[in-house]
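Q: The listed protein sequences correspond, in order, to chains A and B.
Position one of the first sequence corresponds to residue 0 (numbering that gives the first Met the number 0), numbered consecutively onward.
Position one of the second sequence corresponds to residue 0 (numbering that gives the first Met the number 0), numbered consecutively onward.
Watch out, some of these pointers could steer you wrong.
To be verified - Coverage of chain A stretches by chain B, computed from C-beta distances (three or more under 8 Å per stretch; other residues unrestricted):
1) 160 to 170
2) 174 to 181
3) 188 to 198
Stated by the list, open to error - Derived BS3-like pairs (lysine-lysine); straight-line CA-CA distance at most 30 Å:
4) A:K99 - B:K45
5) B:K131 - A:K172
6) A:K37 - A:K172
7) B:K172 - B:K61
8) A:K172 - B:K61
9) B:K51 - A:K99
10) A:K157 - B:K131
What the hints assert, rightly or not - Which residues of chain A face chain B? A partial, calculated answer using Cβ under 10 Å:
11) V40
12) A44
13) G48
14) G152
15) E155
16) R156
17) S201
Rather than coming from a laboratory, the hints here were simulated on the basis of the structure.
Quick caveat: nothing in here was measured; it's all calculated off a predicted structure.
Cβ atoms here follow ideal geometry from the backbone N, Cα and C, with glycine treated the same way.
Chain by chain, the residues:
Number of protein chains: 2
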Amino acid sequence: MNKPTPSAPPSRGPTEHEVRAQIVDAATEYFSRYGYEKTTVSDLAKEIGFSKAYIYKFFDSKQAIGEVICANRLATIIETVNRAVSEAGSATDKFRRIFKVLTASGSQLFFQDRKLYDIAAVAAGTPWPSVKGYEQQIRQQVSDIVLLGRETGEFERKTPLDETVNAIFLVMKPYFNPLLLQHNLDSAEEATIQLTGLVLRSLAP
Amino acid sequence: MNKPTPSAPPSRGPTEHEVRAQIVDAATEYFSRYGYEKTTVSDLAKEIGFSKAYIYKFFDSKQAIGEVICANRLATIIETVNRAVSEAGSATDKFRRIFKVLTASGSQLFFQDRKLYDIAAVAAGTPWPSVKGYEQQIRQQVSDIVLLGRETGEFERKTPLDETVNAIFLVMKPYFNPLLLQHNLDSAEEATIQLTGLVLRSLAP
Chain A
0 MNKPTPSAPP SRGPTEHEVR AQIVDAATEY FSRYGYEKTT VSDLAKEIGF SKAYIYKFFD
60 SKQAIGEVIC ANRLATIIET VNRAVSEAGS ATDKFRRIFK VLTASGSQLF FQDRKLYDIA
120 AVAAGTPWPS VKGYEQQIRQ QVSDIVLLGR ETGEFERKTP LDETVNAIFL VMKPYFNPLL
180 LQHNLDSAEE ATIQLTGLVL RSLAP
Chain B
0 MNKPTPSAPP SRGPTEHEVR AQIVDAATEY FSRYGYEKTT VSDLAKEIGF SKAYIYKFFD
60 SKQAIGEVIC ANRLATIIET VNRAVSEAGS ATDKFRRIFK VLTASGSQLF FQDRKLYDIA
120 AVAAGTPWPS VKGYEQQIRQ QVSDIVLLGR ETGEFERKTP LDETVNAIFL VMKPYFNPLL
180 LQHNLDSAEE ATIQLTGLVL RSLAP
């Protein structure tokens, strides 16, 4: 992947958006081969055929690139989750779907490529803003499902909504947080089924 | 702690049990200062003032010593848990206690001494037989509590016992497994309260 090394962004040519995407694509590939922690911006620049200074025009740091990769992956998971939830009819079925799909896509995206797990681990350990946003979106989905189930009469209404939502979020967390999921991978699918049953029993009116 | 270096176990003098306890005590102290991973049996022998060969008469490997330290710590936790559970009257109260005490003693024992966490992490990662036994005892306690609650009419009886017990075990696991607990420590106490509420709602008749 050796491209000419421009010393400054060309006045005509690829837009800023395109260059950023090109750097992110190359970095995704490079990190997945050599790992995030061990790679420097210099390594990356050499690989893409850009100067280090040129990369720094678009990204403040290696972490800034990692953040975009992480945010892209999490956005893909959230899209998959949202689609699965919207396809289900009842609140009960929506809950089954969100937990199942979240665990499955988390396992797949984070672990199909062990080297990229580096990024997921750093991101979840800090946590990065993209991870906070991701968790916030999961919490919102759970809240929407509980509210729907309370409206349709599928779920009980006595427990304060916040308490119900937060407890369910905590049950699910070991299966969508990569730092926790790494220790749960073997049994994640089976565990998700059993935990879904428990949560649904806790929601019974 | 410099003791004379016997080249073989003395025919009169400390019993095998006493020597083993002495090695375990010294190793606990040494590991807690320098970490388990970084310490060798030679380091340990030098510190106690025993020959390496003498230590190997009592323990096959460093791991064998670590196993005893780990088993001792886990036995202490199980004792505390059993006492707390036996002091509670109803099945509901027993469940509240087991979850609370397990999280609290786990956090305290594993993390009051960061260096000893090394052992807990290795033990839980493999896992060692002592950890399997520990998990088995927790599972048994949960099973006893659920059975009691089914007898007294506190808990529902429709769900197969195994399914109920296993799901509750999975909810609790991130708070008693040190590999998972390390990522949950800050919020463990609050999380335990919320998850206890959820589990008890799931058990309602």
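Q: Run every hint past the structure and note whether it holds.
A: Going through the hints against the structure:
1. Interface restraint, the region 160 to 170 of chain A with chain B: holds (7 residues with C-beta to C-beta distance below 8 Å; minimum three).
2. Given as covered by chain B, the region 174 to 181 of chain A passes the check, having 3 residues with a CB less than 8 Å from a CB of that chain where 3 are the minimum.
3. Figure legend: the region 188 to 198 of chain A, annotated as covered by chain B; annotation consistent (6 residues with Cβ-Cβ distances under 8 Å, at least 3 required).
4. The suggested pairing of A:K99 with B:K45 is violated, with an alpha-carbon distance near 54 Å, which exceeds 30 Å.
5. The hinted pair formed by B:K131 and A:K172 meets the criterion: a straight-line CA distance of about 23 Å does not exceed 30 Å.
6. Note on A:K37 and A:K172: the hinted pairing holds, with a Cα-Cα distance of about 28 Å set against a maximum of 30 Å.
7. The hinted pair formed by B:K172 and B:K61 meets the criterion: a straight-line CA distance of about 27 Å does not exceed 30 Å.
8. Pair hint A:K172 plus B:K61 does not hold up; C-alpha atoms about 35 Å apart against a cutoff of 30 Å.
9. For the hint pairing B:K51 with A:K99, the CA-to-CA distance comes to about 52 Å; that exceeds 30 Å, so the pair is violated.
10. For the hint linking A:K157 to B:K131, the alpha-carbon distance of about 39 Å lies beyond 30 Å, and the restraint is violated.
11. For A:V40, the interface hint is violated, since its Cβ never comes within 10 Å of a Cβ in chain B; the closest pair sits about 29 Å apart.
12. Look at A:A44: its Cβ only gets to about 34 Å from chain B, farther than 10 Å, so that hint breaks.
13. Because the beta carbon of A:G48 sits about 39 Å from the nearest beta carbon in chain B, more than 10 Å, this interface hint is broken.
14. Among the interface hints, the one on A:G152 is violated; its C-beta lies about 17 Å from the nearest C-beta in chain B, farther than the 10 Å criterion.
15. For A:E155, the interface hint holds, since its Cβ comes within 10 Å of a Cβ in chain B; the closest pair sits about 8 Å apart.
16. The beta carbon of A:R156 comes no nearer than 12 Å to any beta carbon in chain B, farther than 10 Å, and the hint placing it at the interface is violated.
17. This hint holds: A:S201 has a C-beta 4 Å from the nearest C-beta of chain B, less than the 10 Å allowed.
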